[in-house]
Structure formats: C-alpha cells, structure tokens
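K.L.:
Listed here are the chains, written in short residue letters.
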Amino acid sequence: MVMHPKRKKKLIIILALLTGVGLIVGLVLYALSQNINLFFSPSDIAAGKAPLEQRIRAGGMVREGSVVRAQDSLQVEFVMTDYAQDVKVAFDGILPDLFREGQGIVAQGKLQANGVFVADEVLAKHDENYMPPEVTEAIDQAHKASQQAGESAQ
Amino acid sequence: MSWFESWHMPRWFYQMGSPKWFFEIGGRLQPWFMVAAIAMITWGLLWGLLYAPADYQQGNSFRIMYVHVPAAILSQSIFVMMAVTGLIGLVWKMKVAFMVARSCTLIGASFTALALITGAVWGKPTWGTYWVWDARLTSTLIMLFLYTGVIALNQAIADRSIAGRATAILSIVGTINIPVIKYSVEWWNTLHQSSSFSLTAKPTMPAEMYIPLLLMVVGCYSLIVWLVLQRTRNEILDQERQASWVARYLEER
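Top to bottom, those sequences are chains A and B. Just so you know, we're using the working numbering here: the first sequence kicks off at 1 and counts up by one. Just so you know, we're using the working numbering here: the second sequence kicks off at 1 and counts up by one.
Careful, some of the hints might be misleading.
As the list claims (entries may be wrong) - Here are some, though not all, of the chain A residues that point toward chain B, as calculated from beta-carbon distances under 8 angstroms:
id	residue
1	3
2	11
3	31
4	33
5	98
6	102
Honestly, the hints are just simulated from the structure, not real lab data. Computed from a predicted model, the values in this text were never measured in an experiment. C-beta: ideal position from N, C-alpha, C; glycine also.
Next up, chain B with everything else stripped away, as it sits in the complex (with noise of 0.2 angstroms):
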C-alpha cells in the first residue's frame, strides 16, 4: 500500500492540535460566524415565517419547514463531526480533537430533539397524527438516545482522555445510524416524504420558497460552528488552566 505509506496529513492539521493554536485561531474566526449566523437566521426566517408563499395543499403548516428541515440536517451533521473528531482524537492521540466533539454533543442533542418535536407538530395537521413508528422517524429517535448516550458516557468518567476515547468509539459505531436515516425514505416504506433539500437535486419547490430554507440551512450551519468554537475554546481555558498563556490570557482580560 504505497499510497499509504506516503500519505501525510497538512501541516494546519498538526497545528489545530494544539489547543493555543485552537484557542487563538477560533477566536479569531467566531465573530465571522456569529454574524453570518444571526443575519442569515433572521432574514430566513422573517422570509420562510412572513413572506414566502402558503402551500397549495398544506397552507401555513409547510412553514414548520424551515425550522424542521435545518434542524434534522444540522442533527445529522453534527454527529458526523463528533465521530470524526473523535477518530482524530482516538487516532492522533489529539485532546483538542476531543474537547470539540465534547463540544458538539449537547448542541447535537438539542438539534435532534428540535427535529422531533417540530416534526410532530407538523405531523398532526398533516398526516392526522403526531407521531408514527416508520423508518424515518424511529431511526432519528435513535439517534437521540445515541446522543443521550454519548453525552451520559462522557460525564460518567472524569478522566477527560479516557472519556474522550471510550465516547470517541460509541460515537464513531453510531455513525451507521446516520445512513440508514438518511435513506430510511428510500429503502423502506414510510409515511415520511422524501428530503426536500439537496445540494446535488433540483429544488423540489420555486425558489422564494426555497431560498430561505437555503438561508435557514447555512445559517443554521455558521451558528453549530460559532457554537461549537466557543464551547470548545471554554472546555480549552478549562482543561488547559494549567499553561502560562491561559494565565496570560486571563490576566489580560
């Protein structure tokens, strides 16, 4: 395997590693995302909410979309980050690759519930009933669990590295889960449609509708990455107490 014996990873990769690095470089990226997030949120959302058009059969309800759809597809990438970072943190032996999958679990979690409870209150007056046991929907139930799961293993061992790896690992064998949601819709008979937004199909709607769930989408996703940069900077000044720049740091605040 030549390829492989070859293969090296970019020398930014080595640098994200060290949490001053981190520290200082998310710092500096996270304003751009505050902004970005909370313009595209709220001109997304004044547009789907105000002024996009009603839909031919389900009327005002379709706008439950653009808040639904954003936080299913945010809910699924996020656990992709988690077990990504996780494999990083398991495999280079990175503790900053660690604290930003620590990071992303809660905010995982509440996506994944908001994509639940937003989807049942679309259910009722769509389909006739809040909650239905289909591929679909049960698949991203348990993904919650999986995240409870997570979350709970992470808080249960209080050294950070052997919390870091042992959730590092239920996370990286959840990661199945997430195709199986992602053609549930495909694969199986379900009484949800298929996804209404990809970046590789034509838009399955005109586009004053789509645009703001396209906002809503991107918005969505600067806001997990400002979130998950300052949750990862707090957990950095927290583990790293010790270091003369956090003292530095501190003292210059």
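Here chain A stands alone, though its shape is the one from the complex (with noise of 0.2 angstroms):
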C-alpha cells in the first residue's frame, strides 16, 4: 500500500509547521539566552558583563581553602571560581548542608563596586554523580597512598 498523495501532502504540511514554529522558539530562545542562564560565571563578572547593585545570581566552585567564618556570628566568605576567574562573596546567613568547599553554587545578592559579591541567599548545586560512603573514602585513601609514595620516591 503505498502512501496516499493526500496523507502525503498533510505530512508535509505539519512536518513543515512544526520546523517553522521550531525554528521560530529556537531564534526567541537563542536571543534570549542570557536571560534564561541562571546566573553570572565569575567570567562573566571579570568581564564586566554582571550588572552592579542589582539583585543578580552568581555560580561557581568554592575555592578550596578559602571559607572564613566569623566567630562570633554567621558572616561567612569565601571565594568563588570557575577555574578561571575568582569572585570574592560575603554571605551572612545560615550555608545548605551540602555546602563545602570545592562544591558548586548559586548565589543570589548583589555585586559591589569593589568587585565583593553580597550574597543574601546561597543554594547548593551538586552534579550528577552519586557514589556511595566507602566508595569515596577508598578514593581518597588511594589518593593518598600514591601521594605518600609519589613524596617518598622524591
């Protein structure tokens, strides 16, 4: 049975439709991509491209070994990065638990003038992989045992 040249002519017909309306959301959504990103990359913000004293978002790693908090009250800073460029953030609020340095997040507040991020809000991101307790321990004991055995061969 071969196909119909009416059924043919309305299966170009709505196969052309949905190309053009395809092609319509794909052109509104490509000019509006910086609106849809979720936040600034600390690339962004080294290129000027974050406005200032706005409420804006911001996402990054925090930077191994760069959270300070406060003794006496919960102002925490630390610096954010992706590896490229760095964003020094303020927050004074209570941090999600998975939180932690070397961890991804978005950060909701305002930039300052002198390039210090004043975050009022700090969500987790966390990536997809899952491993479970032990798994991570023998990863970083096995980490550890060739960086004993890497300074030992020196």
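Put the complex together from the two separate chains, hints included.
P.N.:
Printed below as a string of structure tokens:
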C-alpha cells in the first residue's frame, strides 16, 4: 500500500509547520539566552557583563581553603571560582547542608563596586554523580597513598 | 523525491488502525506489561529505597531519585507518544490513534506533576530551596501547562474526531518543548544538574545504585504501556458501542 498523495501532502504540511515553529522558538530562545541563564559565572563578572548593585545570581565552585567564618556571627566569606576567574563572596546566613569547599553553588545578591558579591541567599548545586561513602573513602585513601608514594620517591 | 513515492507503511500499521484488531491484540499484550511493571517497580523500589547505599554527600535524600528520574523521563516520553499518535491520526485518519493520544494525556500530566513534586521535595534538602526559575524546572512546568491545555481542549469538544485533530495539533507543536527540557541543562546555566541516566553514556553511579534505577525506568515504561492499552481499550468500547463485535464481546463476559 503506497501512501495516498493526500496523506503525503498533509504529512508534509504538518512537518513544515513543526519545522517553522521550531525555528521560531529556537531563534527566540537564542535571543533570550542571556536572560534564561540562571546565573553569571565568575568569568562573566570579571568581563563586566554583570550589572552592579542589582539583584543577580552568580554561580561557581567554592575554592578549596577559601572559606573564612566569623567567630561570633553567621558571617562567612569565600572565593567563588570557575577555575579561570575568581569572585569574592560575602554572606550572612545559614548555608545549605551541601555547601562545602570544592562544591558548586549559586548565590543570589548584589555585586558591589569593589568587586565583592554580597549574597543574601546561597543554594548548593550538586552534580550528577552519586557514590556510596565507602567508595569516596577508598578513593581518598588511594589518593593519599599515591601522594605518599610520590613523596617517598622524591 | 522517489524514496518518498515508493515509501509505504507496513501491514501491521494499518491493522492496528482497526479498533477491533487493536482491542484484541492489546488485550493479549496487556497482562505481560502488567506483570513486568509490577515485578520491576516492586523490585526496583525495594532495592532503591531500602538496600542501595546512601550517597556520600546527600545521604538518604538521594533516594528520591528512584521516583523522580523515571517520572521525569516518562513524562517526556508520553508527550512524544501523544504527539506521534496525534500525527498518525491526522495524516492517516485513524480514530484509534486519536484514542491512544487521548489515553496518554492524563497519565502524562500525572507523571509530570510527580516529577515536579518529587523534585521540589528533593530540592529543599540538597539545594536549599523548593523551587528556582531555572531553565529545566521552568520548561518542565510549561510541559505540565501544555498537558493541562491538551486535556482541557480534548474535553471541551464533543465531536471525537474534531477533538482528536485539535489536540493533535496542540501536542505536535508542544513537542518543541521536549528538546528544550532535555538540553536545558547543557544550553544554559541551571541549578539542576545534568542527567544522571542515559542509555548511551556511561552510568554516573556504581551498579548497586544504577540497577535499581534502571529497573524503575523500564518498569515505569511497562506501566504506561499497560495503562495506555487499558485506557485505549475502554475508549474503544465506549466509542464503538454501536458495533456488533462490541455487543458480542460484552455479552460473552
């Protein structure tokens, strides 16, 4: 049974409609891509793409060893990085459980003229990798063992 | 376009277009999908929720994944199925195809709602918020609205063939949202992480976490085939109640 010409015509019309609408949506999304991005990266901020003194979101990794907590308050400061550029972040509040050094975060707040990002909300961004705790311990131990082996070789 | 001239659909395609045929074949297939769905979902849930190891960072809250990921995958698959059967109904004028599309609507909307709710419950302990307007979450919410629109449109029109055609066009146009949902986490900065389940890529977790997830996904696919077959067969009985074979079938029961 070969396809009926009428049906063929209908199929072509529908597919053309779908392609047309798809193209329009694609162009609109492309034009809006700056607004759809949830956050600015440290590189965007360094390049001056982020507005000053306006509520924006910034996202990146917490640099290892950069977290400084105040002794008498919830005030915390850390460096957010995308491993190309850094941004200093100041926050006064309760951090999410998954906040830790080397983890991704998204902070909402205002970028000051002095380059410090003053956050009023910090969200933890986790990745798509899941692991049982024993596996992480094993990896850490293997890492330490290889480091020690490297040191003793020197 | 010579390939297009000579292209034709296989015989079973036209046979499935017959309500009587679909009813009988569907009735024979249904129990298998039911057994597969119950077995795999029970096994996957028990394994995932009770025996799989906890995550090194999220602890036990990561177990929501065993419901969230299948719900999210299925909500998109059902939308595509609804659009494809709608397209078949439009082009080949098969009323069975419209009935399948109609059966998909409520199931798809429920899975989308489940994905959004489980995602919010998961988001609070891991991200620190129930909701954020990032591209993945927003496009999924748009899909829920599209489903609601399709259901409302389908209910609003009394004539089944006109309702089928109208909803088919809405769902075909709505499929443009599907690649947006899928690639949102790659195209834009989002709070939502990239996908942890893919048939083509290497799993992002060890086997004792991954296999229960795989069971849940395959089990949920069986579940929707079972549910769609059941709903479509009910729909066939309702819409074909004038046909003599339906009267005979009902008498035999």
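K.L.:
Each hint: holds or not?
P.N.:
Here is how each hint holds up against the structure:
1. With 8 angstroms as the threshold, the beta carbon of residue 3(A) comes within range of chain B, its nearest partner Cβ sitting at about 6 angstroms, so the hint holds.
2. Given the 8 angstroms rule on beta carbons, the hint for residue 11(A) holds: about 5 angstroms separates it from the nearest Cβ of chain B.
3. Checking residue 31(A) against chain B: minimum C-beta separation of about 13 angstroms lies over 8 angstroms; hint violated.
4. At about 7 angstroms, the closest approach between the beta carbon of residue 33(A) and any beta carbon in chain B falls short of 8 angstroms, and the interface hint on this residue holds.
5. Interface hint at residue 98(A): satisfied, since its Cβ lies 6 angstroms from the closest Cβ of chain B, which is below the 8 angstroms cut-off.
6. Taking 8 angstroms as the C-beta cut-off, the interface hint given for residue 102(A) is violated, the closest approach to chain B being about 11 angstroms.
Checked against the numbered hints given earlier, the structure breaks hints 3 and 6 and satisfies all the rest.
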